[in-house]
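Got two chains here, separate frames each, mind docking them using the hints?
Residue numbers (full-length UniProt numbering), protein chains in the order written: chain A, 1 to 167; chain B, 1 to 246.
Source of the hints: derived by calculation from the structure; they are not laboratory data.
Because the structure is a prediction, the values reported are computed rather than measured.
Treat the hints with care, since some could be wrong.
[Said to hold, decoys possible] Within a straight-line C-alpha distance of at most 30 Å, the following computed BS3-like cross-link-like pairs (lysine-lysine) qualify: (1) K240(B) x K85(A); (2) K85(A) x K245(B); (3) K111(A) x K157(B).
[To be verified] Just so you have them, the derived chain B footprint on chain A, three or more residues with Cβ under 8 Å: (4) 64-70; (5) 78-88; (6) 93-102; (7) 106-120.
[Unchecked claim] What the simulated footprint calls covered on chain B by chain A, stretch by stretch (three residues with Cβ under 8 Å from a Cβ of chain A suffice, anywhere in the stretch; the number is not a length): (8) 40-54; (9) 62-71; (10) 84-93; (11) 177-186; (12) 193-207.
Glycine included, C-beta positions come from ideal geometry on N, C-alpha and C.
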Amino acid sequence: MAEVPHKKALSSKIMTMKFMQRQQEQETRQQLEKEQIRVVTEAHWVLDNAGVDLPKPKFQVEYEPSFLQMDAAERSNVGRVSFQKFNENVEKSASTSAGKQQLDRELKREKAGEIDDDEMAEELALSNKAKKAKTVSSSKPKPTTNRRAPPPKAKAQAPRTFMKPKE
Amino acid sequence: MTSITEDLSSSGPKIVLPGDILPGPESGLLDDAPTAPVIKLGPGLQPMDDDTIAAVKAGVLKHAAVGNRWWVESNQRRYVAATGESIIGVVIGKSADYYKLDIGAAQPALLGVLSFEGATKRNKPDHKVGALLYCRVSMANKDMEAELECFNPTTGKADGYGELKAGFVFKTSLGLARRLLDPKTLVLRLLGQHVPFETAVGMNGKVWINSAKPAHTILICNAVKNSEFLGAEECRSMVKSLVEKL
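In isolation and in its complexed conformation, chain B is listed as follows (with noise of 0.2 Å):
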């Protein structure tokens, strides 16, 4: 195991690889690191026996001052089920109370007959083996499968959960799906400017387009997926080129 000594102000983002320690205050490097009273971990770490956090994935170390927050932003394209996150499932099963939905996790995920917007005992959406679905999960852990729901819990109305018709959907990788929900990020805004479409992001890495023609869809789609990993301008030229095409 290998502890970090490099200096997080001089070189920009901080890469930690599975096993790296952080680095105490010793250090001088990390402050309010963990000798903080509380210490929120997201993913991607863990505190290991002798008091000291660990990384167990492979990325950039991120921290957020409000609330003392430390992640690893990594990527994989397995996605593993956490309460809160919006997602794409596909429904492969129905029984009596639920649909059995596959969202691209180890195991499928139940979405409840009754935990849609207005739904009644007598007056139940019925959806059909195949179709799309845009949900919450309201549950998830590693012992049980997920379960999901399509209505805010908040509010109580549906807020964009719900059936997509028509369309298309491809996979992406977990990262690409979460930058994609960033309003900062180019790509969707670039292709906004130039062809009306709707779309609906999975952090599952499910990524499901509607546009008026094939032709545009298919443009989405490629720009979508070649976004991945270029820059502000490069994506730019990109779209650009593309948009020239059509």
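Bound-form chain A, shown alone (with noise of 0.2 Å):
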């Protein structure tokens, strides 16, 4: 049977069936899409030194807006206090607040001297590498795909989602 070539004119009853319809539809959605691709790229802005690498920073900045952790002297914070029996409350809570700081900073200092068990591993993993001065080669980790994943949705026509710039 030979096929009815595609840009013959058909007649308009066929035109209606909900087939070509479909196709017709079709058509245009791709059309569309095409355009918006196109307005897309052209609205693309690109970087011309997209590949120069940015020097490292050489150290990272906490900030502290407070100057109540800015304690050289390490002394202790207590707001409110009163003096020979004036008010026994403030003076029983300003002795344990006072005690409560003291042992924290106390464990604050151990810590800081303390070292992980991961970190001292790894210090003394590095450390035989230099005496056996191994080679080490770099390996990035291969890129690998997740079979148990669903396969990706098919995009929905929403005009709010972004288009990808065809490069």
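In structure tokens, the structure reads:
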């Protein structure tokens, strides 16, 4: 049976049939998509020196906006105090909080001197490597495909989704 | 921008001005200076674009070896809210959910109505406009009004926070308020030997004093205000002369 060539004009009755409508809708949808991709690709900005690596920062900064943690003299900080038994509750809570702060300071000082088990193992491993003078082959981990993951869903036709520009 | 060239070990405290850059390890001054992996910057220091750290406030540069902390001890009168500080606030407004407190910062702070020890919806403390509250800053950043709470978050108990009844409040500079919190500062201990009183120091520069007689309150207030720039011996003689006049 000879196939009807695509471009020939078909009768209007056939055009009203569902399968022809579907075909037409698909064609218009594809054209719209092509148009969108074209627009997005044209609007896409590319940096010229995208391959240039920025130098790694020499140090990492953490911010502390309050003077509370900044005590060189390592002193306790009790806001509410009372003298000569003017207010017994305040005196009691002042002494307990001073004691607690002292304890916290001692703990912090101890922790600063300690080293974690993992870090210790790393340091030992590094020193061993230096002794044996091995050449360490740096291999990036292969990108693995997750076969258990469900197949990627077909993108919905929502106008809000991000359209990746064609390179 | 000038770089600091004085030797840290010879002249005691290092004075910095806004724009001074912290010297790197080349000058050999500051060990574990900006080449350490993690550096904690306190108030008064900011990192610049070219991997250096510059001072933005005038004051004395201080350093703590534990945690590699650097900061500038500066003084000013306007308070900027920071998380964790204990402050004295005055109630200026009340709404269904929160109190509005004036803490001496650029903007008023909010204190939730339920942010008290043991407060429930049925059992809410009621504070009038003008009441003094000793609270803790629970959240503060430069874009929003600070939020306060009247209990210690680690224990859930009041621990000294709450309403300050009676007494007298006066304003000091922030540096003096921080020094008053230090138990080594003499003036409060000396006064406490002669006069029974209780005090609450807010890091926003407000100090509250309560004592049995108005004469005592005036004495304590004057002594504290005078002690801002006095050394230890001068402080002792100042307190003695004031107490003798009682």
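Restraint status (C-alpha distance of K240(B) to K85(A) at most 30 Å): holds (21 Å)
Coverage claim, chain B over the stretch 93-102 of chain A, checked by counting residues with Cβ within 8 Å (three needed): holds (count 4)
Residues of the stretch 62-71 of chain B with Cβ under 8 Å from chain A, three needed, outcome: holds (count 7)
Given coverage of the stretch 40-54 of chain B by chain A, tested with a Cβ cutoff of 8 Å and a minimum of 3 residues: Contact hint for the stretch 40-54 of chain B vs chain A: holds, 7 residues under 8 Å.
Cβ contact check, 8 Å cutoff: the stretch 177-186 of chain B against chain A, three residues minimum: holds (count 5)
Coverage of the stretch 64-70 of chain A by chain B, judged on three or more residues with CB within 8 Å: The restraint on the stretch 64-70 of chain A holds, since 7 of its residues have a Cβ under 8 Å from chain B and three suffice.
Chain B covers the stretch 78-88 of chain A, three or more CB atoms within 8 Å, holds or violated: Check passed, 10 qualifying residues.
K111(A) paired with K157(B) [C-alpha distance capped at 30 Å]: holds (28 Å)
Whether chain A covers the stretch 84-93 of chain B (at least 3 residues having a Cβ closer than 8 Å to its Cβ atoms): Three-residue rule met by the stretch 84-93 of chain B, so holds; n is 3.
Holds or violated: K85(A) to K245(B), with C-alpha atoms at most 30 Å apart: holds (23 Å)
Coverage of the stretch 193-207 of chain B by chain A (three or more Cβ within 8 Å): holds (count 10)
Cβ contact check, 8 Å cutoff: the stretch 106-120 of chain A against chain B, three residues minimum: holds (count 3)
Taken one by one, the earlier hints all hold for this structure without exception.
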